[in-house]
Amino acid sequence: MAFMEKPAAGKVLLDDTAPLTAVIEASQSLHSHTEYIIRVQRGISMENSWQIIRRYSDFDLLNNSLQISALSLPLPPKKLIGNMDREFIAERQKGLQNYLNAITSNHILSNCELVKKFLDPNNYSVNYTEIALQHVSMFFRSEPKWEVVEPLKDIGWRIRKKYFLMKIKNQPKERLALSWADLGPDKYLSDKDLQCAVKLLSSCSHPYIYKVTFAMANESSALVIRPFSEKGTLKDLIYKAKPKDPFLKKYCNPKKIQGLELQQIKTFGRQILEVLKFLHEKGFPYGHLHASNVMMDGDTCRLLDLENSLLGLPSFYRSYFTQFRKINTLESVDVHCFGHLLYEMTYGRPPDSVPVDSFPPAPSTSVVTVLESILSPEAMKNSMPTVSRLLQMPLFSDVLLTNSEKTQFKIPTKLKEALKIAKECIEKRLVEEQKQIHQHRRLTRAQSHYGSEEEKKKRKILARKKSKRSSFESGEEQTMKYSNSNNSGSGASSPLTSPSSPVPPCTAAGASTIPSPPPPPAAPPPPPNLDVAMQPDLRPVNSTSRGALLSSIQNFQKGGLKKTETCDYSAPRIS
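Using this note's numbering, read the sequence shown as starting at 4 and increasing by one per residue.
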């Protein structure tokens, strides 16, 4: 979005969490290099796809940029001699396809700006850091007490959300973090209600919500200022990362994978559930729970980024819960996201896939019980447990909370009604997307089943049986026609020709020359014309009919006839 461009009313903004898939369709050699034609698709609709052309050097440049993640990605090696051979190009194309599959299937890499720009340059060519700086500079004109210390480059995963380290001019030692974000596709509040709701965040007080120092919004974006914590987030604690490092460096491939201690899992889990229950009771939509949105303050967890749902930003785990139709409310989304967070706290890493068929050994069986109630295949088929139900489970029910801070979050009645309507709109879009994905999955499964080798063999066998049956029925039909024609008159009689059939001319010898008759028509013939001369039917007798007739004659038995009494009245009568 260009600087200060205002989104049009009703404009649908791009959902950055929609997964991109890429398939190399062809390659073409031009002079001394090879270009690869790639079909990129967003989501499940083939209509939402486009072509890009990339060289091997483009792949190599992307791979160098992604080295910060410390992941070992399967990029094919360079080759200087023989790199224009047809066989080599085909082999390299397979290797590059594997590379694309690897980066698009990785949850963190697929959402990073580098990959988005590589696959979708039209929508991600803008420098959002510069745009954010321009917006922040305009803000400082009206609020001169703030000052930017430095940009916090790429510390978050969102492409359209940027962070800056701030300070107050008369308090130079105090550090704050400013976040600026563009509006997202789920922004359903009016501009007036949005500004009111965002300003309200600074008045919210809860022991497990991170304090907001200042917040404001306009018709195109919003910024929020909070205290900067050197300890970082819960994700930083799990991965033992530095808060100011880039997101890819911190979380893609940690050197040591280790979960938290059981008591930490119990305490942090209970605190997070308590604040979710508070927000649900207030009717405030959230839907953005993950370990990077939980700030650590000593041994206390405090929730971050309450503004995300107001701005309409998509959730970090959206590509997961859109696959399951039972997760269709923001409350169930929060519970599902809590399952991801609990798994990460327990095992030191996110789950490889969801649902989770079997869970590794955990510090306590009560942890696995909670995880199974949220992330197991059975849980996905049924509805998610409520937050209140989770609080009653043995893992959290015996945790004593010592924080006595008072809670305060007064939402005006009109704004509460607007939040309710916005929440319903967010859930409606979620349900519609889940329905489309479900229908697409069924269609894909049916096509895959229909195209399998086993199904092809079955169809061939059925086709043969059908062909044999139709041939047999056709033979029987011909037999019945011949039999009926014999029973309808003398042997010399024949069907009458139709009015449209010309009478064959007589030869000099008096005999008629008759061509071979055409195949019988599908529709019944028109009524016969008795004024037209009849011609003998010289069609050959069907071999099946002749065999049946001969068999009947040969098997004839005279003794099988019934005896009859004959009264002879032919003799003369004498009276």
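No wet-lab data here; the hints were simulated from the structure. We put the CB at the ideal spot given by N, CA and C, even for glycine. Accuracy of the hints is not assured; some may be wrong.
Capping the alpha-carbon separation at 27 Å, the derived lysine-lysine pairs in DSSO-like fashion look like this [said to hold, decoys possible]:
no., residue 1, residue 2
1, K81, K280
2, K409, K419
3, K252, K81
4, K234, K156
5, K285, K81
6, K243, K259
7, K285, K202
For each label pair, taking beta carbons as the anchor points, the in silico distance ranges come out as [to be verified]:
no., residue 1, residue 2, range
8, K214, D360, 38 to 44 Å
9, K413, V26, 18 to 24 Å
10, R328, E50, 32 to 38 Å
11, S477, N558, 24 to 30 Å
12, R467, N101, 39 to 45 Å
13, I40, S361, 48 to 54 Å
14, Q439, K285, 21 to 27 Å
Comparing the hints with the structure gives:
no.: 1; hint: K81 <-> K280; result: violated (55 Å)
no.: 2; hint: K409 <-> K419; result: holds (21 Å)
no.: 3; hint: K252 <-> K81; result: holds (25 Å)
no.: 4; hint: K234 <-> K156; result: holds (18 Å)
no.: 5; hint: K285 <-> K81; result: violated (58 Å)
no.: 6; hint: K243 <-> K259; result: holds (8 Å)
no.: 7; hint: K285 <-> K202; result: holds (17 Å)
no.: 8; hint: K214 <-> D360: 38 to 44 Å; result: holds (41 Å)
no.: 9; hint: K413 <-> V26: 18 to 24 Å; result: violated (53 Å)
no.: 10; hint: R328 <-> E50: 32 to 38 Å; result: violated (23 Å)
no.: 11; hint: S477 <-> N558: 24 to 30 Å; result: holds (26 Å)
no.: 12; hint: R467 <-> N101: 39 to 45 Å; result: holds (41 Å)
no.: 13; hint: I40 <-> S361: 48 to 54 Å; result: violated (42 Å)
no.: 14; hint: Q439 <-> K285: 21 to 27 Å; result: violated (32 Å)
Taken one by one, the earlier hints fail for this structure at numbers 1, 5, 9, 10, 13 and 14, listed in ascending order.
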